[in-house]
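J.: Working from the sequences, and respecting the hints, build out all of it.
Chains A and B supply the protein sequences, listed in that same order.
Each number in the numbering used here corresponds to the 1-based position in the first sequence with 63 added.
Each number in the numbering used here corresponds to the 1-based position in the second sequence with 315 added.
Since the hints were made in silico from the structure, they are not lab data.
Remember, it's a predicted structure, so these values are computed and weren't measured experimentally.
All C-beta atoms in this analysis are idealised placements derived from N, C-alpha and C, irrespective of residue type, glycine included.
Check before you lean on any hint, since a few could be wrong.
[Claimed, not checked] What follows is a set of in silico ranges between Cβ atoms, one per label pair, in the way DEER data are often shown: (1) Trp-663/B / Phe-308/A: 23 to 33 Å; (2) Tyr-388/A / Glu-562/B: 47 to 57 Å; (3) Lys-460/B / Leu-244/A: 39 to 49 Å; (4) Arg-75/A / Leu-354/B: 49 to 59 Å; (5) Ala-312/A / Val-344/B: 35 to 45 Å; (6) Glu-223/A / Lys-460/B: 52 to 62 Å; (7) Ser-506/B / Asn-306/A: 51 to 61 Å; (8) Gly-156/A / Ala-508/B: 51 to 61 Å; (9) Glu-645/B / Leu-175/A: 14 to 24 Å; (10) Arg-647/B / Ile-240/A: 46 to 56 Å; (11) Arg-67/A / Glu-645/B: 52 to 62 Å; (12) Asp-72/A / Leu-535/B: 58 to 68 Å.
Okay, here's what each chain looks like letter by letter:
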Amino acid sequence: MLRRILSEDYPRSKPLTALLLIIVVSLVLGPFLFDGIRAFTTLGMICVFIMVVAAYDLMLGYTHIVSFAHTMFFGIGAYGVAMAIESMGNSFGAILVGLVGALAISFVLSLLLGLLSLRVKAIFFALVTLAVAFAFLSLVTQLYHVTGGEDGMRVRVPRELGPAFRPFEAPLPGIDIPTLLKGLLTQPWNLGQVWQESQFDLRFNGRNVMYYVLVAMATGVFLFLLRLVNSPFGRVLQAIRENEFRAEALGYRTVVYRTAVVILAALVATLAGAGFALINRYVNPENTLNFELMVFILLMCVIGGMGTVYGAVVGSTLFILAQNYLQDLLKWVGQYTAGIPVVENLLGADHWLLWFGVLFVLSVYFFPAGVVGQLRIWSMRRRSRQSPPPSGPAAEPEPEPQT
Amino acid sequence: MTEETTAMPMSDTGAERQRRRPIEWLKDVRDNKAHLFLLGIMLLASVAVIDFRTWLVLTISGVAMGAMLFLMASGMTLTFGLMSVLNLAHGAFISLGAFAGGTVLAFWLDGFAGSPSFLLNLVAIVPALLFAAVVAGVVGLVFEKLVIMPVYGDHLKQILVTVGGSIILMQLIEVVWGPNEIPVTRPDSLSGAFFVPEFLPLIGGIVLEKYRLVAVVLGLAIYAAMLWVIDRTRIGILIRAGVESREMVEVQGYRIHLLFLGVFVAGSALAGLGGVMWGMYKELLTPHMGDEMMISVIVVIILGGLGSIRGCFYGALLVGLINLYIGFVEPRLAAVATVGLMVGVLMWRPQGLIPVIKV
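T.: And the structure:
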């Protein structure tokens, strides 16, 4: 059963399995485990970006196609839904029309981009997508009577997905994990009171419904991509990544495969964009199309681990947690460094991105396989140390970390 | 190609040759001098649509913008051509130069910059330009050693690492100069405009901004200097040879890495120079200004053909001109037209207008 669901692509590392279990449980029981609107937003964003990054990983990690137009498709999805609701009213029909329209536009655009990669070589493709995405961003910003320009658009979701909708009359019980952990660490003798304090009432409303729709979407997309990369199709992609010339010599039409990957990734990004519009209920160029967002997606993909769909889950969770909570940490550190002239500035809460950038560059040098890849390498080494392969050292070659 | 054009008419009669010549010539230009062909078409098409005086002002402004773009883009194209290093952090160097130069103009030598005398202005402008170039160059040196050197030959990692480096540089700019925009006033002698007297035929009555003329002159001067270095000096020979084949230059006993380091530093310095020119043009400095220019820079180097200085120059001119022309007709479409131009050229000639390397 589990084998079928995960397409025989297990985490293959105990710490990684534990990490993934924690993430999955936190996401599935999310609204019951974390109190407050900020935690809820964070959870929603993690679900959205798991889809976006998994699709990006299909291009970057499995086929080594560097595209900077991924946010463009994300934005098409978000704006498609927002504009359909704007003109047709807040019904599920409008959402469907917007989503289908956005998927169609994304399909055509990504097909064109994919065919363009026929003409230009890999490095050009990255630059061309960057320029195209920028042109799209400027178009969206300029056509303000359709898209709202810089101000963006508010998305009036259907009532069933809004805060006014209450499927259950009574509040549901919830346990705030951060409070519980904090209590356990600071006053473990006071167990009863800590337990009392960490309980809260969850008023389950339409936004939670939307959140669970997102969780379902993210699960579906994740399992689909996992299935895809472990299929013969995925093997061809990896062959193209390793040596495109040789893959072509073996009789695979690499252009078809590359185009298919670009289109697939674009469609998934569009879907995620639609989900984003519905959970965030506000789209503007900055939160859907910005180049910075593109860089963030790239960071998530690389930090999680390129070429492992699991990396998308780990990478987007880590990055979004850092984005939302690293500032708090820096603020806390900042209390102790206030007064030291340069350090104070460097550790300012606004400069979390600086430290993330440093971390990113270092991780590309020293852990190019990302979190998932590195955990797998470690556990593989441990396994080969415990049971030396019977047929000499060549049976299980120890993967060296690339430098 | 040239052989064909001379050989073909010989078999024909004289009358046919007369008739055919212009088309043959045009085809020849289109295939062998694509950059001039495109430039000519653009100038002719725009002069047909836009009123002549407006057109002249737009053209000069476009050339000025092209000159600034050329300064910013030339470093990146050479870096790619010589070592096939794609430096996506180039935009951060543009910002860095703008901020360094802006600091000189707005804080350190603001007394000189504000005075009406041209010579006193120069006392502020020249150090600002030099300081911008030096700061960007020094940071470029450190950046090359720390960030780029470990990832030679791996395009994917270069893209990742330089994107990360660009974030770090941009954040450091914010740490040093603060996150707010910094207004920089242009020195007195560079602001204002020339009025061409009314009585002159054709061009009478138009207004030329002084700063744009200065940008054109500076851009042309640096282009000429670069052409001289590349075509006439020993270093230039080595650079051209390195672009053609890195290994062969290494085999001859030259330390190509030192050469590359020099080019990288020079390229960063030029980016800084372009940045300070752009900052003075905009009169407002933001940490993201370099990133915003990166798109135009990328279009320029793709248009010109990666690694080619001449291509970079013509690409910058084309981008500058189309920006101004389309921006005049329909401001919203300027960015789209720029990217459209690039996509069109790529469909026609995937290697760019003046290709030098086989990517």
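J.: Please flag the earlier hints that this structure goes against, numbers listed from lowest up.
T.: none
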